[in-house]
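Enquirer: Chains as they are written, first to last, in this note's numbering: chain A, 3 to 242; chain B, 3 to 242; chain C, 3 to 242; chain D, 3 to 242.
Treat the hints as calculated values from the structure; they're not laboratory data.
Computed from a prediction, not measured in an experiment: that's the story for all the values here.
From the three backbone atoms N, C-alpha and C, an ideal C-beta is built for every residue, glycine too.
Possibly wrong hints are sitting among the right ones.
To be verified - Computed far set for chain A versus chain C, every beta-carbon distance over 10 Å:
1) PHE10
2) ASP25
3) VAL34
4) GLY38
5) ALA59
6) ALA69
7) GLU132
8) LYS164
9) MET216
As the list claims (entries may be wrong) - Partner residues are not named here, just some residues of chain C that face chain A (Cβ under 7 Å, in silico):
10) ILE22
11) ASN23
12) LEU70
13) ASP72
14) PRO76
15) ASP79
Protein chains: 4
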Amino acid sequence: MTYYYNGFPQSEHDEKLNLINVDQLEEDAKRVIPEGAYYYIASGAENEWTWRNNTAAFNHYQIVPRALTDMEDPQLDTEFMGIKLKTPVMIAPIACHGIAHKDAEVATQKGAAAAGALFSSSTYANKSVEDIAAAAPDAPRFFQLYLSKDWNFNKMVFDAVKKAGYKAIMLTVDALVSGYREANLRTQFTYPVPLDFFNRYLGAKGEGQSVAQMYAASAQKIGPKDVARIKEESRPSYLY
Amino acid sequence: MTYYYNGFPQSEHDEKLNLINVDQLEEDAKRVIPEGAYYYIASGAENEWTWRNNTAAFNHYQIVPRALTDMEDPQLDTEFMGIKLKTPVMIAPIACHGIAHKDAEVATQKGAAAAGALFSSSTYANKSVEDIAAAAPDAPRFFQLYLSKDWNFNKMVFDAVKKAGYKAIMLTVDALVSGYREANLRTQFTYPVPLDFFNRYLGAKGEGQSVAQMYAASAQKIGPKDVARIKEESRPSYLY
Amino acid sequence: MTYYYNGFPQSEHDEKLNLINVDQLEEDAKRVIPEGAYYYIASGAENEWTWRNNTAAFNHYQIVPRALTDMEDPQLDTEFMGIKLKTPVMIAPIACHGIAHKDAEVATQKGAAAAGALFSSSTYANKSVEDIAAAAPDAPRFFQLYLSKDWNFNKMVFDAVKKAGYKAIMLTVDALVSGYREANLRTQFTYPVPLDFFNRYLGAKGEGQSVAQMYAASAQKIGPKDVARIKEESRPSYLY
Amino acid sequence: MTYYYNGFPQSEHDEKLNLINVDQLEEDAKRVIPEGAYYYIASGAENEWTWRNNTAAFNHYQIVPRALTDMEDPQLDTEFMGIKLKTPVMIAPIACHGIAHKDAEVATQKGAAAAGALFSSSTYANKSVEDIAAAAPDAPRFFQLYLSKDWNFNKMVFDAVKKAGYKAIMLTVDALVSGYREANLRTQFTYPVPLDFFNRYLGAKGEGQSVAQMYAASAQKIGPKDVARIKEESRPSYLY
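Using the sequences and the hints given, assemble the complete structure.
Expert: Written as structure tokens, this is what we have:
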């Protein structure tokens with residue numbers, strides 16, 4: 003079934019994926035997600051030279067199996083910054099999961115928790131940090147921060163994520179303005195569904211805004227002093 | 003002519019191949035072998051990155067000819083572990099030759115013997131080690147072992163291959179579970195024809211099982227002690 | 003609207019380009035510029051091996067962003083040979099801009115000035131150095147010189163560019179004859195519109211000549227003494 | 003016009019080629035030469051890995067132009083083993099030019115002489131060494147030798163090429179048997195027109211033979227003693 007938000011078709015459909023690999027998932031997704039939204043997920047900046055070269059470089063990290071180790075049933079569980087994980091996988095912070103499904107980050111958090119992976123939530127999530135946390139109360143999660151020019155907004159964010167039990171704040175320092183994402187320009191992409199923090203604080207829902215417009219609200223000038231101030235004002239509970 | 007085993011079409015056809023190179027043989031085979039069975043032979047694990055890179059790396063071993071050597075009619079015969087071979091080629095152990103022809107490993111052993119190559123027979127062969135040996139009594143051959151969790155099964159295997167005159171046991175240590183073979187998953191491949199050792203010992207013929215199910219009967223925990231025990235229990239006749 | 007010069011269609015159309023990247027501009031241009039003229043702009047010498055390898059090599063100069071620099075609104079303005087530029091971009095000297103638009107180098111100079119880039123004008127420009135200068139009197143510009151066999155022609159050129167306020171002369175030393183441009187040979191390209199200096203001095207307008215014919219008027223023998231003589235005879239005003 | 007020799011169409015057509023590059027010539031030739039004959043010229047051994055890699059490696063020898071050399075009208079004339087050449091190009095020895103044109107090596111020698119290049123003639127030429135020499139009496143040329151098992155044949159060849167004024171004998175030492183040329187196997191290529199030396203000496207014309215059959219008459223066992231004997235028996239005139 004498909005739900006329409008201001009004309010944007012959002013899937014409400016739930017079924018087990020017959021998933022063989024990620025490339026095939028990308029092809030399958032392309033058939034069901036509107037073009038502009040699909041490329042918001044699946045494209046990179048400029049002519050994607052860096053993206054392609056990153057992928058090629060990553061493929062050269064080879065997993066070399068060992069033999070005759072006298073070991074049965076190897077486990078993938080690990081520990082990251084004191085957090086126990088069943089699998090060494092972290093869901094990177096990605097804006098606006100609502101493009102792919104109406105349950106947005108709530109659904110992704112549930113899946114991550116089921117797999118024992120670490121979830122991380124973007125400042126530009128559709129769902130509230132409280133709803134995401136409630137989806138899997140015992141699972142660990144991080145919060146990704148686009149620092150705002152407005153420290154009142156920042157403080158409100160810190161308080162909300164602390165209260166919701168997020169384990170850490172990940173500060174974005176290499177994307178202070180939007181990348182020159184050519185596929186988004188070609189499709190004239192704007193966020194089709196509301197983003198929680200914008201709705202809550204700015205009275206603007208976020209949807210209908212381009213990526214570049216969203217970034218305009220963020221701080222472009224970030225230095226070591228800002229990091230110190232974030233640390234001070236957020237006082238992450240796990241440090242005390 | 004084609005024979006049908008439980009609906010799976012098995013060639014009974016014999017003719018001299020007009021074979022120019024191996025790539026062309028692969029194309030020709032694709033036209034006559036059912037899709038799932040074809041990809042059991044012709045595909046690799048995951049997205050085949052390792053397979054492609056292995057092939058590329060292998061191509062860099064260059065055969066550099068020498069000139070003015072005053073030599074006529076060079077011979078390719080060589081010796082491998084004390085075994086004289088007319089050609090430095092070994093048929094790698096491959097499961098279930100019956101996919102390609104009803105005579106399965108019996109036919110492959112005949113061809114290998116005619117070419118003076120060393121044949122090696124998989125634990126998952128369709129034909130019995132005795133029938134394979136009878137196909138070319140004087141030709142050398144090895145046996146590939148997926149160690150079973152059940153040492154009674156292992157002992158039965160050792161006795162059978164020794165009695166059949168196999169020269170060596172090749173222990174598989176790097177494939178204790180099935181590879182994530184995407185092409186097999188896509189075609190939902192199961193072994194279409196019976197495998198001798200499963201039929202003989204387990205009362206299960208093996209056909210209708212997926213590759214993953216087959217591996218489940220194998221030992222996943224293998225270490226140096228297992229190697230020593232295999233050596234002791236198999237007591238290869240050529241060492242005495 | 004399109005203007006016809008001796009049958010060659012020259013665009014008079016002005017509109018803001020909806021430009022996403024340069025590759026797309028190249029595709030768009032291919033649709034509106036006649037084939038021979040398009041390849042005069044878009045092709046390289048021989049089988050374009052050097053061109054492709056230059057592009058690949060250039061892509062390996064990577065722009066690595068820094069983070070946490072406490073800097074806002076970074077500026078691209080720079081200084082090149084004492085000339086202040088708003089952007090570190092220089093328009094390379096290219097012959098015969100009239101292929102792309104009737105306003106030719108006058109339009110390119112206006113665009114370069116608007117962007118704060120350095121313009122450079124080819125000896126084979128369609129427009130006069132005076133008209134180009136008048137298009138953006140305060141903008142900096144260089145003049146590219148194909149040295150003529152005829153020093154009277156050269157002196158005339160020096161005087162004209164000095165009077166028009168050009169800041170420097172760029173001497174071409176690596177293209178004393180035309181490159182073997184295969185695409186131009188295939189389309190039998192000749193300059194379709196007049197080139198100012200040929201018109202002014204030689205009484206020949208230049209159009210209807212092949213690239214090879216144009217080069218025949220240039221000096222093929224150039225050495226350090228010619229560089230000294232150019233320096234002496236041109237006495238660039240910014241040195242005094 | 004086309005001449006037919008035993009059903010093989012041989013061009014008698016002469017016209018100036020509108021030749022832009024060698025790749026285009028190869029495409030043009032493919033349209034007029036029968037398939038098997040075309041691939042005799044245009045294919046390599048095995049799966050052409052070495053051929054492709056040789057071409058790629060050769061492309062890395064870069065011709066780097068110098069500038070400001072004060073030189074006009076550079077000349078390409080050079081000297082190779084005491085022979086003056088107008089151009090540093092040598093026509094490699096290739097069998098059976100008659101595939102491409104009825105005038106065969108006589109025409110190629112004329113073209114090489116006109117360009118000032120060094121021609122070299124294969125043992126498997128269609129035309130006699132005397133006719134090739136007569137086509138350009140003053141031009142330099144070499145003779146390529148597939149050494150025969152029969153030294154009477156070899157002596158006859160030496161005497162003929164010396165008398166015809168060939169400057170050197172090039173001994174093939176790295177192709178004592180035919181390469182595994184897959185394209186020739188696929189098209190079942192046999193020489194379609196007579197080869198002079200086979201006609202003259204063996205009473206067999208050579209046509210209708212496969213490349214492998216031709217090589218069978220050659221010596222496969224060649225060492226330093228053979229080189230010395232060739233030197234002694236051929237006594238190249240330019241050494242005395």
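Enquirer: Now, for every hint given, state plainly whether the structure supports it.
Expert: Hint check results:
no.: 1; hint: PHE10; verdict: holds, 23 Å
no.: 2; hint: ASP25; verdict: holds, 24 Å
no.: 3; hint: VAL34; verdict: holds, 26 Å
no.: 4; hint: GLY38; verdict: holds, 14 Å
no.: 5; hint: ALA59; verdict: holds, 12 Å
no.: 6; hint: ALA69; verdict: holds, 38 Å
no.: 7; hint: GLU132; verdict: holds, 30 Å
no.: 8; hint: LYS164; verdict: holds, 23 Å
no.: 9; hint: MET216; verdict: holds, 18 Å
no.: 10; hint: ILE22; verdict: holds, 5 Å
no.: 11; hint: ASN23; verdict: holds, 6 Å
no.: 12; hint: LEU70; verdict: holds, 5 Å
no.: 13; hint: ASP72; verdict: holds, 3 Å
no.: 14; hint: PRO76; verdict: violated, 9 Å
no.: 15; hint: ASP79; verdict: violated, 18 Å
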